[in-house]
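Enquirer: Chain by chain, the residues run as shown.
2 protein chains.
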Amino acid sequence: MAVYKAPLRDMQFVLNELFDAPARWASMDATREVTPDLADAILGEAAKLSENVLFPLNRSGDEEGCQWSQGSDGFATVKTPKGFREAFRQLAEGGWTALSGVPEYGGQGMPKMLTVMFDEMLYGANSSFALYPMLSNGCTLCIASHASDEQKAMYLPPIYEGRWCGTMCLTEPHSGTDLGIIRTKAVPNGDGSFAVSGTKIFITGGEHDLAENIIHLVLAKLPDAPPGPKGISLFIVPKYLVNADGSVGARNPVNCGSIEHKMGIKGSATAVLNFDGAQGWIVGEPGNGLAYMFTMMNYERLSIGIQGLGLGEVAYQSAAAYAKDRIQGRAATGAVAKDKVADPIIVHPDVRRMLLTARAYSEGGRAFACFVGEQLDLAKYHADAKVRAEADALVQLLTPVAKAFFSDKGFEACVAGQQCFGGHGYIREWGMEQLVRDARIAQIYEGTNGIQALDLAGRKVARNGGQYAQVYFAQMHATLDALKGVAGVEAELAEANRVLKLLEDTTAWLVDEAKGDANAIGAASVDYLELFGLVTYAWLWVRMMAIAAPKAQADAFYAAKLLTGRFYFQRLLPKADALAAQVKAGSQPLMAMDAGLF
Amino acid sequence: MAVYKAPLRDMQFVLNELFDAPARWASMDATREVTPDLADAILGEAAKLSENVLFPLNRSGDEEGCQWSQGSDGFATVKTPKGFREAFRQLAEGGWTALSGVPEYGGQGMPKMLTVMFDEMLYGANSSFALYPMLSNGCTLCIASHASDEQKAMYLPPIYEGRWCGTMCLTEPHSGTDLGIIRTKAVPNGDGSFAVSGTKIFITGGEHDLAENIIHLVLAKLPDAPPGPKGISLFIVPKYLVNADGSVGARNPVNCGSIEHKMGIKGSATAVLNFDGAQGWIVGEPGNGLAYMFTMMNYERLSIGIQGLGLGEVAYQSAAAYAKDRIQGRAATGAVAKDKVADPIIVHPDVRRMLLTARAYSEGGRAFACFVGEQLDLAKYHADAKVRAEADALVQLLTPVAKAFFSDKGFEACVAGQQCFGGHGYIREWGMEQLVRDARIAQIYEGTNGIQALDLAGRKVARNGGQYAQVYFAQMHATLDALKGVAGVEAELAEANRVLKLLEDTTAWLVDEAKGDANAIGAASVDYLELFGLVTYAWLWVRMMAIAAPKAQADAFYAAKLLTGRFYFQRLLPKADALAAQVKAGSQPLMAMDAGLF
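Going down the list, the protein sequences come from chains A and B.
Residue numbers for the first sequence follow the numbering used here, so the first one is 1 and each next one is one higher.
Residue numbers for the second sequence follow the numbering used here, so the first one is 1 and each next one is one higher.
It should be emphasised that the hints constitute simulated quantities derived from the structure, not laboratory data.
Any given hint could turn out to be false.
Repeated chains share a single entry, so a pair holds when one copy, or any two copies, can fit it.
[To be verified] In silico BS3-like cross-links for lysine-lysine, where the CA-CA straight-line distance does not exceed 25 Å: (1) K484 - K551; (2) K340 - K185; (3) K501 - K575; (4) K230 - K340; (5) K340 - K324; (6) K338 - K230; (7) K82 - K5; (8) K380 - K152; (9) K185 - K230; (10) K584 - K515; (11) K584 - K501.
Take the sequences, apply the hints, and build the full model.
Expert: Listed below in structure tokens is the structure:
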């Protein structure tokens with residue numbers, strides 16, 4: 001069976017030993033109150049919630065799914081799986097829905113370095129459930145960043161309190177990646193509000209029974225809007241109109257036409273929403289909708305990456321437990337469990353290969369998520385404008401890497417974990433196949449991983465001539481240089497430097513190639529992103545190994561860290577060279593074939 | 001939506017142009033009657049059956065699944081999805097269930113080179129359905145190879161006629177990969193028959209409503225059997241006893257306790273079978289059961305590989321059709337469909353990368369399947385004992401490669417095809433997510449792909465000092481040498497020779513390493529198999545490209561073949577070097593960690 005314990009020890013290692021988060025927090029006004037004790041307490045309580053409340057609802061939520069039905073008032077309702085309502089109440093009452101919120105409106109303002117750990121637990125324990133609070137978080141982030149003070153005061157507190165939830169409504173049947181062609185209209189009502197009409201699909205948490213109200217953030221076009229992305233504005237459209245005193249009022253005509261039947265995340269309601277002249281209020285300036293929504297989307301992209309990370313961790317833990325328990329065959333070097341008819345399958349090298357693959361990506365990913373979280377905190381809170389600007393460059397650069405690389409490697413980890421179970425991995429009751437189905441969506445939504453790769457290679461690297469990348473590479477070099485002479489990681493340090501050089505060369509090649517070939521970016525992008533991710537993990541792994549090496553003799557945690565890192569360098573990193581070669585093949589192998597020949 | 005057309009043109013290319021199958025057939029007594037016209041007619045009719053009868057039942061079969069219910073006679077029954085019964089009757093009436101059967105007992109004795117194409121269509125059109133006739137084929141093959149004449153006469157004709165079906169019953173709850181520890185017992189009844197008792201799980205087609213009778217081939221142990229694999233014997237246990245006149249008689253006490261709820265192949269009944277003193281008859285000699293079953297398992301392993309191949313082909317076709325239809329965004333080089341608000345997504349290089357990945361593996365795999373089929377035919381039918389022996393060595397060597405590499409790359413192709421659909425790929429009604437779920441099992445059953453890799457690297461390569469591999473490498477060199485000077489493939493020929501050398505070196509390294517390290521095989525196996533597969537496809541691709549190059553200017557089919565081959569060499573083959581490096585990392589990175597640290 002799938003099992004899950006929040007990896008608290010490793011989270012503490014990443015926070016305290018790898019990044020010295022307490023020192024970071026102490027150095028900035030906004031985070032000064034976050035002491036190591038507070039951080040530990042938060043993670044400890046989050047672990048209990050995840051393990052004891054959310055994880056037990058994961059399998060049943062998948063089996064039961066969400067149920068759509070027509071209500072007596074003409075509006076459809078969606079029933080979430082048994083236990084989700086109660087769990088969401090616990091989440092709200094524990095203050096978890098306010099964890100990352102703006103303090104001025106009732107949020108707790110916890111740093112992202114810490115909340116990425118909480119996010120990982122939520123997704124690991126129950127990805128379907130996690131999406132409800134995650135979308136609400138993204139919604140409040142967007143409102144807090146771009147809405148008026150009046151709007152903030154009206155919408156933020158009840159969402160932070162978990163009484164209301166939020167969504168993002170972008171996709172339409174004919175318009176997903178290409179939002180410039182959306183058709184949803186917003187017509188001024190003359191009273192400052194707008195009548196919003198159109199059909200939105202794939203709306204996560206678009207309708208459900210977890211909250212009193214749902215606040216939809218909707219992309220739509222004003223009647224006089226120019227065509228394309230510049231014609232898109234952003235509107236707040238509540239499910240129930242909000243009275244002046246903040247109480248829930250009349251039903252707004254936004255109806256859930258149906259919910260999707262999906263491969264996985266079956267406990268998450270994915271709604272078709274029909275807006276039929278629903279009353280909405282514009283956020284900020286007309287025509288800036290896409291830019292505003294990107295505040296939310298960048299947040300969600302990191303979050304969705306962490307879905308892959310969390311699921312990969314569960315897959316690893318479950319497969320490791322199974323491999324130590326299931327007996328089958330004998331070790332190649334002779335029987336180990338001589339009192340039994342066979343040895344536990346963890347004696348077999350190939351089972352270990354699968355486990356270590358999942359583990360190396362999981363631990364590398366946890367470190368990278370925390371690093372990106374740190375950059376988000378620095379960009380937001382640091383006193384020095386130069387530090388803020390550099391951190392923001394890294395956030396821009398690394399968000400697509402985190403989203404795509406976490407979710408791709410999380411999916412690989414889930415497939416590997418399932419494989420360890422043999423035939424039992426394919427049977428629903430064991431829970432492993434659900435992880436694969438649930439992880440698969442993270443590679444698709446919030447911009448497919450192909451779109452993330454385009455964003456990285458195009459907008460974040462080539463368009464600025466590699467400027468953001470230079471900031472990153474400089475930091476990587478500096479930290480690697482600081483490891484010179486650390487005993488026990490000499491080979492890995494040399495290899496990390498070698499692949500960093502490979503990434504730099506490949507980046508330079510790509511920036512140059514893109515000048516003469518408009519298809520260069522698209523042709524290279526996915527392989528380039530994977531190379532970028534592998535080199536990033538190499539950089540983080542050697543740093544972690546350098547911390548672990550002196551303590552590995554005395555402490556099993558550090559011994560395992562060191563050995564997992566060695567595995568990473570010897571068995572996973574070699575792919576980097578292949579990817580660089582594939583990138584440098586250019587666009588011709590892809591573009592030469594006429595579309596009609598496919 | 002998923003779409004499927006049997007790839008007849010490519011099948012004819014492989015049969016006629018790549019391997020000159022008609023000449024091969026004309027050269028052997030057993031296949032002399034297989035003319036090109038007959039082969040074409042068979043493939044053409046098979047295409048109609050697959051496209052018009054089986055593919056339309058694929059989605060509905062997945063939604064409906066199989067239904068288990070308790071019967072009034074105390075035995076459970078399993079209802080297959082709507083339409084499966086009628087389709088199976090059509091299959092039987094068309095003689096398709098006898099296609100590869102022994103002519104002496106009513107089979108058509110068609111060569112494997114041809115039937116692999118039929119198998120690909122069946123799996124591509126409907127993998128759940130295909131498993132019923134496939135298991136029957138394996139069962140008859142085992143009976144034809146090892147049972148008595150009396151048993152052959154009793155069981156082969158009704159299975160060939162599609163009146164009865166067959167199964168293979170190996171796995172028990174505690175015993176899957178490690179069959180030496182099975183507990184099912186067979187006690188002599190004193191009349192030449194045995195009373196078989198025990199529980200078998202994961203029995204594909206173990207109970208269903210498609211046929212009058214089901215013939216189970218069951219591994220069990222005699223009371224005085226030695227422990228381990230040598231104590232395993234093989235028994236024929238019919239669901240209904242067979243009267244002397246061949247009619248169906250009394251019910252045998254073998255009951256379907258339940259069917260599994262699985263990730264995919266939901267139209268295929270996966271049964272728990274409880275044998276409660278069921279009457280059975282031994283096949284051949286006691287203690288040889290596993291060897292006999294391997295006749296069937298090798299057949300099934302190739303077959304299951306072809307499941308991956310067939311599903312990868314459907315994924316490719318469906319994604320290519322979608323990519324030409326779905327409009328979203330503009331080509332990087334400027335608008336293509338100027339009359340529309342966006343271009344078809346096939347203009348985007350990364351969409352092409354996904355499509356070409358699926359296609360290159362699909363076409364490479366089709367060629368490899370036919371090559372392995374040819375070796376099976378040669379091993380069985382060729383007049384020259386040396387040719388037979390060499391072909392048999394190649395069958396032994398290449399069966400695990402075909403099973404694992406086809407199913408791994410088929411799964412990759414399905415995931416890539418699903419990805420092309422964006423969010424729609426995750427929704428059940430579009431059919432793409434089903435392909436991913438259905439393809440996943442092929443990596444697991446009939447021996448996980450990890451077990452295939454162990455079989456390749458251990459039994460088939462290291463144990464005989466690379467002897468089988470030498471036979472293969474010699475053939476590869478000879479065919480590559482014959483391509484010297486062919487215009488248009490010079491670069492690919494050089495690269496194919498280079499990676500063949502890489503495979504030879506890696507093989508030599510592994511054979512040597514295995515002498516001093518019992519874990520060397522298990523540590524290297526999966527990466528070694530993937531390297532083996534990639535080099536095999538490079539060898540086949542350059543041969544196909546050499547045929548296509550002179551005709552590519554004049555004929556779109558050859559142009560596409562040439563360009564797909566170039567893509568393979570430039571974008572997929574580079575991984576070979578990484579895999580060789582990973583193999584040579586040895587077992588230490590895997591075995592160093594104490595089991596308790598996982």
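Enquirer: Which hint numbers doesn't this structure obey?
Expert: No numbers; nothing is violated.
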